[in-house]
Each structure stands twice: as structure tokens, then as C-alpha cells.
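Generate coordinates for the entire structure from the input sequences, incorporating the hints supplied.
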Amino acid sequence: MVSELIEVRGHIIDSLLLPKILDEIIAAGGSFTIQDVQVGERRVDPSYARIEVVASSPEALEAILGRITQHGAKLVHEEDALLEAASMDGVFPEGFYPTTNLRTSVRLGGRWHEVEVSEMDCGIVWDPAAERAAAVPMHRVGRGQLVVVGHRGIRVEQIARSAEVNVFEFMTSEVSSEKPKGVIVREVAAELKRARAAGEKILWVVGPAVVHTGAGEHLVRLVEADYVQVLFAGNALAAHDIEEAFFGTSLGVSLTQGVLTKGGHEHHLRAINRIRRLGGIAQAVDAGVLTRGVMHACIKAGVEVELAGSIRDDGPLPEVITDCLEAQDRMRQAVRGVAVAILIATELHAIATGNILPASVKTICVDINPAAVTKLTDRGTFQAIGLVTDVEPFLRALVASLLDEAPRSSEG
Amino acid sequence: MEPPQKPAFLMCPPDYYGIEYEINPWMSRRRESIPEVAQRQWHALYETLTGPVGAVVHLLEPVRGLPDMVFTANAGLVWGRAFIGSNFRFAERQLEASHYEAWFASRSYTVVHLPGEHPFEGAGDILALGETLFAGYQFRSDIRSHTAVADLLGLEVLSLQLVDEWFYHLDTCFCPLGPEAVIYYPAAFDAYALKVIEAGVADLIAVSPASARRFACNAIVIGRHVVLNTGCDDLVEELVARGYTVHAVELGEFIKAGGAAKCLTLEVNT
Numbered sequence: 000m001v002s003e004l005i006e007v008r009g010h011i012i013d014s015l016l017l018p019k020i021l022d023e024i025i026a027a028g029g030s031f032t033i034q035d036v037q038v039g040e041r042r043v044d045p046s047y048a049r050i051e052v053v054a055s056s057p058e059a060l061e062a063i064l065g066r067i068t069q070h071g072a073k074l075v076h077e078e079d080a081l082l083e084a085a086s087m088d089g090v091f092p093e094g095f096y097p098t099t100n101l102r103t104s105v106r107l108g109g110r111w112h113e114v115e116v117s118e119m120d121c122g123i124v125w126d127p128a129a130e131r132a133a134a135v136p137m138h139r140v141g142r143g144q145l146v147v148v149g150h151r152g153i154r155v156e157q158i159a160r161s162a163e164v165n166v167f168e169f170m171t172s173e174v175s176s177e178k179p180k181g182v183i184v185r186e187v188a189a190e191l192k193r194a195r196a197a198g199e200k201i202l203w204v205v206g207p208a209v210v211h212t213g214a215g216e217h218l219v220r221l222v223e224a225d226y227v228q229v230l231f232a233g234n235a236l237a238a239h240d241i242e243e244a245f246f247g248t249s250l251g252v253s254l255t256q257g258v259l260t261k262g263g264h265e266h267h268l269r270a271i272n273r274i275r276r277l278g279g280i281a282q283a284v285d286a287g288v289l290t291r292g293v294m295h296a297c298i299k300a301g302v303e304v305e306l307a308g309s310i311r312d313d314g315p316l317p318e319v320i321t322d323c324l325e326a327q328d329r330m331r332q333a334v335r336g337v338a339v340a341i342l343i344a345t346e347l348h349a350i351a352t353g354n355i356l357p358a359s360v361k362t363i364c365v366d367i368n369p370a371a372v373t374k375l376t377d378r379g380t381f382q383a384i385g386l387v388t389d390v391e392p393f394l395r396a397l398v399a400s401l402l403d404e405a406p407r408s409s410e411g
Numbered sequence: 000m001e002p003p004q005k006p007a008f009l010m011c012p013p014d015y016y017g018i019e020y021e022i023n024p025w026m027s028r029r030r031e032s033i034p035e036v037a038q039r040q041w042h043a044l045y046e047t048l049t050g051p052v053g054a055v056v057h058l059l060e061p062v063r064g065l066p067d068m069v070f071t072a073n074a075g076l077v078w079g080r081a082f083i084g085s086n087f088r089f090a091e092r093q094l095e096a097s098h099y100e101a102w103f104a105s106r107s108y109t110v111v112h113l114p115g116e117h118p119f120e121g122a123g124d125i126l127a128l129g130e131t132l133f134a135g136y137q138f139r140s141d142i143r144s145h146t147a148v149a150d151l152l153g154l155e156v157l158s159l160q161l162v163d164e165w166f167y168h169l170d171t172c173f174c175p176l177g178p179e180a181v182i183y184y185p186a187a188f189d190a191y192a193l194k195v196i197e198a199g200v201a202d203l204i205a206v207s208p209a210s211a212r213r214f215a216c217n218a219i220v221i222g223r224h225v226v227l228n229t230g231c232d233d234l235v236e237e238l239v240a241r242g243y244t245v246h247a248v249e250l251g252e253f254i255k256a257g258g259a260a261k262c263l264t265l266e267v268n269t
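So the sequences go chain by chain: U and A.
Counting in numbering that gives the first Met the number 0, the first sequence runs from 0 upward without gaps.
Counting in numbering that gives the first Met the number 0, the second sequence runs from 0 upward without gaps.
Worth flagging that the hints you see were computed from the coordinates, not collected in a lab.
Predicted model only: the values in this text are computed from it and were never measured.
Each residue gets a CB set at the ideal place from its N, CA and C atoms; glycine is no exception.
Mixed in with the good hints, there may be bad ones.
Have a look at the derived ranges for each label pair, beta carbon to beta carbon [said to hold, decoys possible]:
1. Gly79/A to Leu4/U: 35 to 41 angstroms
2. Leu4/U to Val36/A: 37 to 43 angstroms
3. Gly149/U to Ser207/A: 38 to 44 angstroms
4. Gly108/U to Thr49/A: 52 to 58 angstroms
5. Gly50/A to Glu40/U: 46 to 52 angstroms
6. Pro18/U to Pro114/A: 25 to 31 angstroms
See the structure below:
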């Protein structure tokens, strides 16, 4: 929902202008809240009303405002945003407007411009030649670029609540291990089907626990069934997935027998080393050396994979991006067109991803640790739905719901 | 407002009058005005006002290239010794403003401009009924100008939305007849404006569509005299029955530009 404060002043009672404006708002599909009315004492005294106009979209709001301003309604914030040129590369002006992950418009030159890309914690850079406003991360701003400062002339669109009741409506992001997981898994499955039917992308952000718990095979099935378009992970997930493919262990533990194998603690290093010798994971797949596992499935299926490094990485694998700003930028590009994000067993990667996702992306965070979801939502990804559970049963249930059930799931 | 000793009007001879552009539905450059006929009709109106009606008429020097200066009603709003100049909506008429202002300034009126650039077309869109001003908006005047006028004069201004572009000024569809009665054409107003009119005017005289298109509402009312265009038979009958002396003057040449008796005059206090 999007709203705008308007005021109207004059002989608005006797001229019936106030009821007329309110009627126009309703007739155009909007709603309103009267915030203040002051009725003139004498007949010649003007009256005043301040009204919050609410509409479903910026376009609907513009249409309503266009209708009511001709009857004398005036925008309270009828001012352009303030711009200031960045004085240094990679530094915003003092007082820059920090973005949210909500759809945002900025008023410049008397007109509203939608800010391209809804990403939190960026600045808004205005390109006067192209008349475009874009959310730009701090390190990307260039000296001389015009940056919005202050909160004037900024309109932020709240996420609309649809009348349809589903898990994304009735669940808040409040974390609890007591939530009915079966229901949630079915709802998530329905959402994934809807997204794919609409040609939208699904993003998975996956920690190594997926491999440690033996859930890798479920993820492989989801990749093969086209429910994974983008995968974000770190060195560890890929390394342990490849270790499992080569040696049948994850961190040296046999995934079939659950016991530490002899020399197993060396397996992941040997796996990384073998991939480095071949030049990368893709080359290992091409060479027929890597023949199974999550990474293998992703390369075969053409999934866009972004592996971001960390200072504790072994190796790392050649595909791992070790410059964290470059990793952020690659992830920013990759989230374009993503409608659903599933964040599994990876606290820091989940937060990093949440930072760059628009609030309109349906976000599900699955972790055995309730704190993981809490941290995600505390850092601004308020739209995330938390599910506290071991990842293996979650993925098993999701695969069953998506792939193994009779076609009745087509109702989703 | 100090009552004037003798009713007085400002008129501008139609020396340069013609249909040179199209800024309302009445105007068509293919339907030229015939200068001699226009002169004859304008003078008939002038003589009616100065003769049987007994009014004073001041003349404004016409200006070549400003054909609509004959419609002095749109010069601005006269209130007491104040003159609020118009902000014409269309560029075609904006050059008229300085000529009107010069005339009022030379007669010691306080010449006032409305704050901001909101279109406002003077007595074409604001008409007084007692101490209440009725004001039209949508086609020529912006509603914000009404608030500005109300603030300036300390009067109640009731804004009426006009919805028929053939009746683009309030004075083409609304005519106060003394302090209690109004001649009006209901179809020219939106539903809210009609309620405001019904609530604010005790005695309403509605005219037929045919009379409305003959500019029945564009009448000049001076005491018990009413001067209007010809062919407004239903209204004339009503006015005569009410004891008014009606003067019907053929003004067809000016209707080609969207104006008639009232548009050709501006009541002044000089």
C-alpha cells in the first residue's frame, strides 16, 4: 500500500468540497484517514482538513491525487527530494537517505520516479540525463554523482496484504519450533510451483549442513526438477558436497554409516586440491571426474551459482569469489527476477542475501537454530518466514510434497 | 462595498474583434464574425445600457491583436475600490491583463494580483449574491484562486464545479437576480455544485437547454432591468411575470466567440 498526505483549505464544508474529495477517493478505489479537521467558526472563516490517502499502488495513488487536486487538495509533501553531489568515490554525502528493501519513489523535477532496485542500506543516486533514480551501494557511488539527502520527497510503498490467506499472510516472522511444519512445507511447495509456473526464479542459499545431514540428495532432486535457478553458498558447501561425491564422506564422516572414516579429516582438502588441479568445478564435471552431488547437478542444469568466500576457507575452490564486494555485486545481479528465496542452514550467508533482496521476495529461512531467523529479521529482512527445524527432514518433506505426491498438488 | 451612485460598466468597442483562435467550443475559425454586424450589435447593447437602463459606460481603448478584449467581464474582479486582475488560462488572452490593470490603476483602484500562478478569470467566474461569492472552476479558473480571493476579501466563496465545456465560465450558466434569486442552467454543474446552489439560493430560476445556449444566463441585471441576448423566450416570460423590464439585444456575433451581454461588460464603481 502507498499513501500520501493531502490538505484542503477554504470554504470546503459549505462548498461540499470535503465530501466530494472523500467520495472521489473512494470512487477511485482508494481509502482515507482524516487526520485533522478544523471548521471555521464564522461563515466567512475557512476550514481545514488533513487527510491521508491510501491506494494499492503508486499508479493508483497518482490517479486519485490527479482527481482530487483539481478540487483544491494539496499535497502536504509537495516538494522535491534534496540532492547533493558525492564529494568522494565510495562515500555518500552526510545525511544521505538510506534505503529500505521496499519499493520506493523519489520526487524530482515535480514528478515521482520509481527507484530502480529495492535494496536496503543503499543510497539513491539520481541520473539527471537519463531521469533515473537507482539504489546504489556505498562502495559503488562515484564522486560527483547526485545522491538524495534527507527524507523529503521520498515515498515508500508498504507491502500489500492480499485477501488470500496462506502461510505468507498469517505467519509472521516470529520464530517458534512449535509451528505446524507440515502445513508450512505444503505452503512453501505451493509457492515454489506458483513461481515456476509464472516463470519466476527461485533462489537457494545453502549452508554445508545440507551436506553434513545427508540432505544433498534432496537438493539434487530439486535442481533436476527445475526448482533451483540461483544458488548462493560458500566454499564449505561446495567442498563438502564434492568430498561426498569423491569419498562418500562429509568432514570425514561417512554419510552412509555415520562414523568417522580413517583419514577422513583429510578428505575435504584432497577434494578441494583435486578440483583446483582441474581448474574448477565445471572443468571437473566436464572431465567426468565429478559425477554426482549438488554442484554437479547445478552445473548440469545450468543453475547460476555464486560461491562467496570467507577468511576461514580452505583452498578455496577456484569458483569461490574472494573479494567480498565483488561477491556482493555478483549476488545483486543474480537476485534480479527472483520471486522466492529459501535460506537454509546458513546464518551469515542468509543475512548477506537478505540485505540485497527486495521486500517483495517471499523469503523462507530454515534453521535448527531459532537465532538464525531472528538475526535475519532483526537486520531488516522483515518479510522472512522462519521455520525452526533440522534441514534434512524439511528438504525431504518438501521434495515429497513437490515431486512425489499425486498431481493433487496442482491445486497450488 | 459602497453602493455606486449610478450603475457603471466598463466596455471595450469591438474594433479588433474577430475569431482569431479557438479556446472554447463556440469558437471556430471557419465561422468568422462579420465586423459590421458585430459593431451594430455591440452598439445596440451600449445604447441600451446608457439609454433606457440609465447606466454609465466607460470605454476601454481596444488593442489590435487582442480580439477578446471586448469581453471585459474577464478583466478581473472588482470589489469596492479593489481590482483583482485575472490570470488568463490561455496565452491568447494573457496580453490583455496589462491593459485592464492600467485602466483600473489610472482610476485609483488598488490593483491586486493573486498569489501564485493559478488561473483565474475574474467576474467571468466569480459572481456575488449578497455577501457570498459563487465561483466556478474547472475550465478557466483554478479552485485555488477561489481560496485566494476568499482570503483577500474576507468573504465566503462557494466553489462550483462546471462540467459542460460549452458553459466554461460561471457567468454563462449562473446569474444572480437581486440578493435572493439566481437564474441558472442546472446541466452545467456537477451534483455537488447543484446541492450547494440549492442550499445557498432561496429562489432558483432554471432555464431550458435552448435558452441556455442562447446565453440566457449571461444577462446583465441592473435593479429591475435585465439585458440579455434574444431568443431566451422562457426566461423572458418568467422575468416579465416577476415584474422585470427585459431588454433583448441580438448578440449572435459574440456568441460565435462564446460570450453575450454579461461577458461584454464589467460592472465598476466609478
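For each hint, the structure was consulted:
Under the hint 35 to 41 angstroms, the C-beta atoms of Gly79/A and Leu4/U, about 38 angstroms apart, fit the expected range. In this structure, Leu4/U and Val36/A break the distance hint of 37 to 43 angstroms, their C-beta atoms being roughly 56 angstroms apart. Checked against the given bound of 38 to 44 angstroms, the beta carbons of Gly149/U and Ser207/A, roughly 59 angstroms apart, lie outside it. Taken as a hint, the range 52 to 58 angstroms holds for the pair Gly108/U and Thr49/A, whose Cβ atoms sit roughly 54 angstroms apart.
Range check, Gly50/A to Glu40/U: about 48 angstroms between beta-carbon atoms, so the 46 to 52 angstroms window is met. Separated by about 27 angstroms at the C-beta atoms, Pro18/U and Pro114/A satisfy the suggested range of 25 to 31 angstroms.
Taken one by one, the earlier hints fail for this structure at numbers 2 and 3, listed in ascending order.
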